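If you read the protein sequences in the order shown, they are chains V and E. Note that the working numbering has the first sequence beginning at 1, numbered continuously upward. Note that the working numbering has the second sequence beginning at 1, numbered continuously upward.
I should point out that these hints are in silico values taken from the structure, not numbers from a laboratory. Mixed in with the good hints there might be a few duds.
[As the list claims (entries may be wrong)] Computed spacing ranges between beta-carbons, pair by pair:
id, chain 1, residue 1, chain 2, residue 2, range
1, V, G96, E, G134, 44 to 52 Å
2, E, T22, V, S57, 49 to 57 Å
3, V, D112, E, G121, 30 to 38 Å
4, E, M90, V, M45, 39 to 47 Å
5, V, A179, E, T129, 43 to 51 Å
[Stated by the list, open to error] To spell it out: a stretch of chain V is covered by chain E in this simulated footprint if at least three of its residues, at any positions, have a beta carbon under 8 Å from a beta carbon of chain E; those stretches are:
id, region
6, 58-68
7, 96-105
8, 168-180
[Stated by the list, open to error] Far from chain V, some chain E residues (derived; all Cβ distances over 12 Å):
id, residue
9, S35
10, S52
11, A56
12, S65
13, T127
14, N139
15, G149
Quick caveat, the model's predicted, so the values are computed rather than measured. All C-beta atoms, glycine included, are put in the ideal place defined by N, C-alpha and C.
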Amino acid sequence: MLGRRAVILGLGGAIGAVAFMLGLGAWRTRNQPALNAVLPMPLSMMGWQMTDQRGQSVRPADWSGRPVIAFFGFTWCPDVCPTTLSDISGWLEELGPDADRLTVALISVDPDRDSPQVLGEYLANFDPRIIGLTGAPDQIARAAAEFRVTYRKVPRDGGDYTMDHTAGVFLFYADGRFASIIDFHEDRRFAVPKIQRILK
Amino acid sequence: MKPLIMPFALILAATTAQACETVTLGDLTIEHAWSKATIGADRPAVFYVEISNRGATDDALVGISTPAAGMPMLHETVVKDGVASMPHSMTIPVPAGQAVQLAPGGYHGMLMGLSAALKAGDRFPMTLTFEKAGKVTVNVDVLPLRAEGPDCLDAGQ
């Protein structure tokens, strides 16, 4: 009887010790963003600050409580960005009034040319629910790092340049958790069900 | 509803029917030449088209030129590891018995140095140069920035 109790207590103690160490580890790394080197961080752990097309300051916390669709691009982009924006406009229309519950944002990787006014003028051609974010280069870099996005300026002849950038569309649940990515060349039929999942 | 739908259908037909012209050059058929409206003349425009080769000889699109832009180039959107880039394409193959599409997300003409902003409903000529078949000029119809392509009855998309 006593032996059994000792074993149970001993086991309980060992489990408790392991749980304590795990908890301590989690507590000590709570401020380290490197949760996953490939997948975007939860929005609730991001720390960027940008400006929307109306000149309003936006932080990730402002999006809390709403599912989010976010993607990176720039308005000088002739092919990928208007195609993505057309796709998203189509998806939002297919979703109907449900899409009003989403925050949908284009984040510029070209803040030198994409001022809030330029973004506003550009986005006027697409679904009005899509907002645009731009800002200081260090804040764009921070957002890109937190979304695990890469972008790069590519010079062209005559002083012009274009941007290479991650083309996927990122989906987040209302509580800020990362949900999924819609790849640029993904079959359109899979996009709307993915968005419906973050709307649930 | 009917009185509302009818004028809308007519407008749609009037604005989209244009890019449905078909031009032939030897064994090549060139159709659905379209572009997207631009905001101002500083941003590059795009050029999309479908080329089919009914012949037995491979050909290739090696250049484009237009009075609408000072520096038109052939590009290909390539997505590698999720990152999109647009390398310059020296030539776009048009193999015998096959069709090639310059379409959103793939091969496209990039029109830099626009002489004027492109507005939906505009039309401009584009001369395509093929390695073997030579040159042909087609009319390019400018569709809204949001357009995904011309709506042609015969469109094979």
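Verification of the hints:
Separation of G96 of chain V from G134 of chain E is about 51 Å and conforms to the stated range, judged on CB atoms against 44 to 52 Å. Checked against the given bound of 49 to 57 Å, the beta carbons of T22 of chain E and S57 of chain V, roughly 52 Å apart, stay inside it. Judged by the Cβ atoms, the range 30 to 38 Å given for D112 of chain V and G121 of chain E holds: they are separated by roughly 32 Å. At roughly 45 Å, the beta-carbon separation of M90 of chain E and M45 of chain V lies within the given 39 to 47 Å, and the hint holds.
In this structure the supplied range 43 to 51 Å holds for A179 of chain V paired with T129 of chain E, their Cβ-Cβ distance being about 47 Å. Counting residues of the region 58-68 of chain V whose beta carbon lies closer than 8 Å to any beta carbon of chain E gives 0, which falls below the threshold of three, so the coverage claim is violated. Three residues within the 8 Å Cβ limit are the bar, and the region 96-105 of chain V against chain E gives 0, so the coverage statement is violated. Residues of the region 168-180 of chain V with a Cβ under 8 Å from some Cβ of chain E number 1, which does not satisfy the need for three, so the listed coverage is violated.
At roughly 10 Å from the closest C-beta of chain V, the C-beta of S35 of chain E falls inside 12 Å, breaking its exclusion from the interface. Look at S52 of chain E: its CB is around 22 Å from the nearest CB on chain V, clear of 12 Å, so calling it non-interface holds up. The beta carbon of A56 of chain E is kept farther than 12 Å from every beta carbon of chain V, the shortest such distance being approximately 32 Å. Look at S65 of chain E: its CB is around 16 Å from the nearest CB on chain V, clear of 12 Å, so calling it non-interface holds up.
Listed as outside the interface, T127 of chain E is consistent with that label: its C-beta sits roughly 20 Å from the nearest C-beta of chain V, beyond the 12 Å cut-off. At roughly 20 Å from the closest C-beta of chain V, the C-beta of N139 of chain E stays outside 12 Å, upholding its exclusion from the interface. Not every Cβ of chain V is farther than 12 Å from the Cβ of G149 of chain E; the closest lies at roughly 10 Å, contradicting the non-interface assignment.
Hint check: violations occur at hints 6, 7, 8, 9, 15; the rest are consistent with the structure.
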